[in-house]
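Q: Each chain, letter by letter, is given below.
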Amino acid sequence: MYDIKALYEASSVEDAIKLRLEHPDAQILAGGSDVLVQIREGKRAGKELISIYMIDEMRGVSLDDNGDIRIGSLTSFSHITKNEIVQKYINVLGEAVDMVGSPQIRNIGTIGGNTCNGVTSADSASTLFALDALVELTGANGKRIIPISEFYIKAGTVDIKPDEIQTAIIIPKEKYNGYKGHYIKYAMRNALDITTTGCSVNVKLSDDKKVFEDVRIAYGVAGPIPMRAKTAEEFIKGKPVNKDTAQEFSKQVLNDINPRDSWRASKAFRQHLATELAYRALKECVKLSGGEM
Amino acid sequence: MAQYKLVRCTINGKKVEQMVDVRASLTDMLRNDYRMTSVKKGCEVGECGACNVLIDGECFNSCIYLAVWAEGKNIRTLEGLLSEDGELSDIQQAFIDEAAVQCGFCTPGVIMSAVEILESGRDYTDDELRKLLSGHLCRCTGYENILRAVRKTLDKRLGKAE
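Protein chains in written order, with the working numbering: chain G, 356 to 648; chain D, 55 to 216.
Where hints are given, some of them may not hold.
[Unchecked claim] Below, a sample of chain D positions facing chain G; criterion: calculated Cβ distance under 7 angstroms:
no.	residue
1	71
2	73
3	76
4	77
5	78
6	97
7	100
8	106
9	113
10	118
11	123
12	186
13	188
14	189
No wet-lab data here; the hints were simulated from the structure. Idealized CB from N, CA, C, for every residue including glycine.
With these hints in hand, go ahead and build the complete structure from the sequences.
A: Spelled out as structure tokens, the structure:
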């Protein structure tokens with residue numbers, strides 16, 4: 356038995372918003388692989404919960420008319436990885452969420468829950484930052500769409516108003532079209548481990564594959580929330596595709612990131628990881644794009 | 055005050071319903087209300103996989119799955135593998151043949167993951183199998199015999215072995 360004060364089950368998005376307004380202190384529950392575990396640990400014990408898990412309209416991946424990819428917030432990690440739209444256009448996201456926990460966790464864990472937790476180690480988050488994803492929130496007055504970089508406020512806190520729930524993640528077409536992405540998770544074990552530091556890179560090369568036209572790089576666990584390395588991104592734009600560029604790019608990330616010492620790893624080790632992962636992820640993206648370095 | 059809800063679902067092919075405490079996990083419901091004691095209480099935080107069951111064909115750790123979410127779902131546990139004449143299924147027999155069972159506590163959970171793998175109808179490399187079985191902790195076998203049991207059963211079902 357869980358130590359739950361009361362459970363309110365939402366049957367639709369509208370219903371969830373109504374319940375949010377009626378029970379302002381209640382915690383939203385999606386797949387529960389974080390929230391229920393925290394209740395077991397006593398951290399969130401004795402609280403009211405609003406379960407949104409049964410809202411099937413919030414599941415699935417679709418392609419909008421304008422080419423934007425829409426991922427319902429309750430879509431499980433395994434369904435994202437197996438989805439054909441994801442595999443065709445943003446395979447990096449499918450690969451990233453395939454590194455979460457274990458097969459069972461990937462069946463229950465949702466991309467909405469992963470992002471709403473506001474933790475820096477979320478395996479989907481760095482890739483969503485690197486894809487410039489948008490977050491759709493639905494509240495009493497309709498929908499609100501904000502960039503994922505604005506959705507994260509600080510560690511453990513995201514921008515969800517008291518009447519809102521997150522209903523979808525949107526990847527705009529101009530952010531994925533022509534790009535190739537790669538994510539590397541560094542952790543102590545291959546399964547059931549939290550990322551020590553993770554790095555996600557998206558690359559767009561020139562038509563002749565000789566020049567970096569655009570690069571976006573984002574990290575998990577390189578700061579209190581997932582973050583982009585903008586100095587490095589600015590540096591590499593227009594530079595030739597070669598090892599020297601890649602090496603300098605990977606050093607530049609240190610201007611942007613802000614990792615800390617924790618029991619998982621030291622700050623120095625995370626900085627080392629950040630540069631090495633930047634280089635390796637960039638190299639893989641160049642390869643995926645048909646370039647050479 | 056205790057809060058109850060009627061939960062209707064299918065367990066191992068049988069339609070059932072029961073008033074369930076909303077605070078119950080699916081492990082609680084399966085063990086206490088339906089006596090499905092193959093579903094083990096291990097870590098209870100979704101790490102060890104001892105409580106793993108199939109819900110609509112996918113593996114879930116029932117310890118971090120609310121019992122009320124079982125509404126309308128098709129749930130399968132190890133008990134459902136037993137044939138009408140009481141014989142073991144091929145994957146269970148393979149676990150015995152390969153000495154993939156020692157204390158046995160993780161076994162029902164691992165076998166249910168194996169069932170999902172086997173029923174997908176496709177082949178996997180050993181690395182893929184390791185990844186698909188990575189949601190289970192076993193402190194006895196060292197995993198090699200488990201992997202071998204799943205490999206052999208998979209090969210047999212795909213007609214790759216005699």
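Q: Evaluate each hint against the coordinates.
A: Structure-based check of each hint:
Restraint check, residue 71 of chain D versus chain G: the minimum CB separation of about 17 angstroms is more than 7 angstroms; hint violated. Residue-level restraint check for residue 73 of chain D is violated (minimum Cβ-Cβ distance to chain G is 14 angstroms; threshold 7 angstroms). The restraint placing residue 76 of chain D at the interface with chain G holds, with a minimum CB-CB distance near 4 angstroms, inside the 7 angstroms limit. Among the interface hints, the one on residue 77 of chain D holds; its C-beta lies about 5 angstroms from the nearest C-beta in chain G, closer than the 7 angstroms criterion.
Checking residue 78 of chain D against chain G: minimum C-beta separation of about 6 angstroms stays under 7 angstroms; hint holds. The beta carbon of residue 97 of chain D is not positioned within 7 angstroms of any beta carbon in chain G (closest approach about 9 angstroms), and the interface hint is therefore violated. Because the smallest distance between the Cβ of residue 100 of chain D and any Cβ of chain G comes to about 6 angstroms, under 7 angstroms, the interface hint for this residue holds. Checking residue 106 of chain D against chain G: minimum C-beta separation of about 6 angstroms stays under 7 angstroms; hint holds.
A cut of 7 angstroms between beta carbons decides the hint on residue 113 of chain D: the least distance to chain G is about 5 angstroms, and the hint holds. This hint holds: residue 118 of chain D has a C-beta 5 angstroms from the nearest C-beta of chain G, less than the 7 angstroms allowed. Annotation: residue 123 of chain D was flagged as interfacial toward chain G, and the flag holds, the nearest CB pair being 6 angstroms apart, inside 7 angstroms. Interface hint status for residue 186 of chain D: upheld, as the beta-carbon distance to the closest one in chain G is roughly 6 angstroms, under 7 angstroms.
With 7 angstroms as the threshold, the beta carbon of residue 188 of chain D comes within range of chain G, its nearest partner Cβ sitting at about 3 angstroms, so the hint holds. Evaluation of the residue 189 of chain D hint against chain G yields a held restraint, the C-beta minimum of about 3 angstroms falling below 7 angstroms.
Hints 1, 2, 6 from the earlier list are contradicted by this structure; the remaining hints agree with it.
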